[in-house]
Amino acid sequence: GQSLEQPSEVTAVEGAIVQINCTYQTSGFYGLSWYQQHDGGAPTFLSYNALDGLEETGRFSSFLSRSDSYGYLLLQELQMKDSASYFCAAQNRDDKIIFGKGTRLHILP
Amino acid sequence: DGGITQSPKYLFRKEGQNVTLSCEQNLNHDAMYWYRQDPGQGLRLIYYSQIVNDFQKGDIAEGYSVSREKKESFPLTVTSAQKNPTAFYLCASSLYPGAAKNIQYFGAGTRLSVL
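Protein chains in written order, with the working numbering: chain A, 11 to 119; chain B, 9 to 123.
These are calculated hints, taken from the structure and not from any lab test.
Among the hints, erroneous ones may be present.
To be verified - The list that follows gives simulated cross-link-like pairs (lysine-lysine, BS3-like), each with its CA atoms no further than 27 Å apart: (1) A:K91 with A:K111; (2) A:K106 with B:K109; (3) B:K17 with A:K91; (4) B:K79 with A:K106; (5) A:K111 with B:K17; (6) A:K106 with B:K78; (7) A:K106 with B:K91; (8) B:K65 with A:K111.
Unchecked claim - Partial selection, computed: residues in chain B whose CB lies under 7 Å from chain A: (9) K109; (10) I111; (11) F114; (12) A116.
Note that CB positions come from ideal geometry on N, CA and C, so glycine has one too.
Please build the complete structure, drawing on both the sequences and the hints.
Okay, here's the thing in structure tokens:
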């Protein structure tokens, strides 16, 4: 079956760096996306990787290794507003997107 | 402002009742999607549509129905056959179905509860 695995919760300190890992098992894999969702809100797109390597967008970076079926989201200079759930999502060639169950990020002052 | 509008924000369903959730987008996107989110869970795909008058079942389509008569609109009906409908429903759209980078834009969601 198709699935994505990510930790259910991660805790970090304000100003620090945190990495959220994601491993995937899908057929027809195209690329890996990351979304942020605050409580009660809509998910918003953060980044996308189709090729191996690191993509940087401000404080957020995302990495993909296709050979390892693995990716991660790196958040730097953590701020309290970064407290949210983060979802990895695998895009397949059939235009379906499979979402992981999400990682809830807790930030301590 | 361009975006996706879902209504209502909250919806209550009685036993045996069908209810319809509205989703409208003015982004001129070709593809639209419906997801269900349960507490502490990821998003599960119910239905998606890549073009007007066509749609495909997702992973949990049983008990749901959709239509795509206009590019801007993709309503979801939760039928009485869906025995556990309480969830947060999210509608999304993307510009080009099948594009290498399929960014999904989400509406604010509808929270459905059973009376």
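Violated hints - listed by number, lowest first: Violated hints: none at all, because every hint is consistent with the structure.
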